[in-house]
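Start from chain S and add chain U according to the hints.
Going line by line, the protein sequences match chains S and U. The numbering used here puts the first residue of the first sequence at 14, with every later residue one more than the last. The numbering used here puts the first residue of the second sequence at 1200, with every later residue one more than the last.
A portion of the hints provided could be inaccurate.
Selected chain S positions facing chain U (in silico; Cβ < 7 Å) [as the list claims (entries may be wrong)]:
#, residue
1, A46
2, L48
3, I126
Read the hints as simulated data drawn from the structure, not as lab findings. Where a beta carbon is used, it is the ideal one built from N, C-alpha and C, also for glycine.
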Amino acid sequence: MRKVLGRVVPAAIPLVVFMVGMEWLVRVGWIKAFLVPPPSAVFNTLLRDWRELFTALAKTSAGALAGFALGTVGGIAIGVFLSSSRAIQRAFYPYAVFFQTVPIIAIAPLLVIWFGYGMRTVVASAFIVSIFPVIANTLSGLLSTDPALRDLFRLYGASNSATLWKLRFPAALPQILTGLRIAGGLAVIGAIVGEFIGGQGLGSVVDVARTQQRTDKVFAAVLLASALGLALFGFINLLSRVLLRRWHASEQD
Amino acid sequence: MSFQRRTFLKLLPATGFLAACSKSSSKIRLALNWKPDPEFGGFYAADFAKHGLDVELLPGGSGTPTVQMIGAGSAEFGIIQADELLLARARGNDVVALYAAFQNCPTAIMAHASRKLETIADLLKSGTLALESGLPFARMLKKKYGFDSVKIVPSPGGDLTTFLNDENFAQQCFLTAEPLQAKRKGVEVKVFPVSDIGYNPYTTVLAVSGELLRKNPELAKNMVTAVREGWRAYLDNPASANQKMHGLNPSMELASFAEIAEAQKPLLETSLLGKMTTERWSTLAAQLLELGDIPKAPPAAECFREL
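Excised from the complex, chain U in its bound form:
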């Protein structure tokens, strides 16, 4: 089920439209953009019922177009990345951010430590780099350093086979996921967070359509409260939520859940817990504008709402 769904979504971004045509239930749907893993710990730990919400978490996969699903109404809420939201708004998809789980973007590039690379610029001087070249950070890298001496290939998702077998192969990764996996397989890695080049969008952001937010601000507020409490609970004690997610995603070992939950703590910056600032949104908008991804920068205040 999950495989077919993922493939289908990847091949047909407009699926959300079809889903939108079918009758929606009274359940609140929260569309995730990946399989259940610690990145979503707070959402799985949240006690939605306590806030009068009946929430169904919809696991996704590589390329699940959550931002379009929110716009199409095939999910009331969704998990997105801040840059996706700006692109969506520029294309007339009115989506608003409510809660930013990851204050620091966990996207990174990992390379074999044996290559003794010091900076991202070094990494782009030789070998192969697997990344999603449509993503803004990839094009920012290209603009900044050029891709003339490195071979760019598509990202294999979370698959490490090529990486483990080829010393000169580097790949886009999640700071908290693939590097730990590679180490477990006996390969020492050097990790370069993309925030090193000044690109740091809020990640794992809870978002809603502008329409729903206007129509039912109370619902959105309850949702945010439940999510904030969920993250608080997950940070304090991730064990039970991990157990739950492991049940849904058994291909990931329980020990990995615990390990990642610990490793991602610095990225969550617990003191802020979901808060966003106008400065961060403006910076990001300016970066996307410079890359030519959006025709004009939307006012930062439109992009997120503090509830």
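Next up, chain S with everything else stripped away, as it sits in the complex:
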């Protein structure tokens, strides 16, 4: 219990100070409520419109998770493929970088034309933004295997695939998981951008609330999107702990 408190309290202090400060600034009129809503208005909206907001959150979660899952599987597969030879890397890595530099907001309208309105556009958008960090981190992890261990494997005549699955991949896991942490947050952003154009979930709620000048609702939806990002982050940390606990310094107390 003490341990939990010790962790939660330091993180909660800035939040409480910020909320109280915002509320106060709006109440005394330094910040106009139609520009930045007071936290109390945002919470009221969360309570009043919870059904609509949580239905939207469920949709956004589904889209973001699907895009993230595809990005993870695809990113790791591509990372492994790229690590197999220098020549392949030279040939394909620049195209992987391309995905990172795609301004998703600019091509989102095209996604609608290619994939139609709805979930597929949202998933595609989340996928495009989340795949690159996974590729980059997988590749970098696979390429930084301890040379001494690699020599040991070679000395014992281990096959390429045995070296990959028993040595290089496990050794790359910490970096791959870092890639997933980055990709998780990006997937939520990608999903919401997709929803602006594809029309569903929190993105759509934000879009509609904005035209109605409901800043309180915009912020309520943004809050839920952040919560989704945090949850995803927490899940990857948990995964990381399970996978690395027994051997990697980063997950040992």
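Showing chain U alone in chain S's frame:
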């Protein structure tokens, strides 16, 4: 620049607040809610200097929150739609209308003529309809006819790709813009103005914050005079202003500027040139009240000022 700005504004309606924190110049800023096009012809034709004004026109884009920018002071004047103003006032943003360029709302829905639709009600019986579902007219449509048998998707802005490729796709449009474009691409369209369902807010309205109006009524008066003369000039001869706007918005062809300037004339109702009435504002307020968009109807006299 314009793209980044647009995206940013769309994502963060509170940007106006940040801008308000920076030091404002002596220039008078007029925030537009779209790129330079004939809809703003009168503003580009206006000779502000003649009335002692140094005015900078700020082009906007999809979702530029001009009404919030006026309230935040990041622009002294802005172009808004009458319904936006009522929503803003209901949320404590004191914004006042000064000049209504479009007497009739140019918002419409267009569908392929080949579908042989007679009314908006027919249009809502099948296919897909792209609109900004947060807008009052959209919710009025929903309330009146229901959206049970039509698929509602977000508006693609001015993009026609899906429309041109899908016969059963209808979309929200500007009476004077997309239908002409579709025709040029060889698609015959049927256009339904939203005023058909009795929803007709003043559009492309010059507005100012109540605070500025109280502090500097002279400035507002000069602004309105310059704008009125600008529209008069644009209606008589749009060529030079069109040239200017084409320079700022080269993706729109000069011929389109001329075509639209001609097509929008009936919506401007030149005899009134900017005038607004208490009846129109009251009707609109009552409609928004019925939709539940505003908790109570503000007195119409508060919403606009004749200068």
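> What hint numbers does the structure not satisfy?
Replying inline: none
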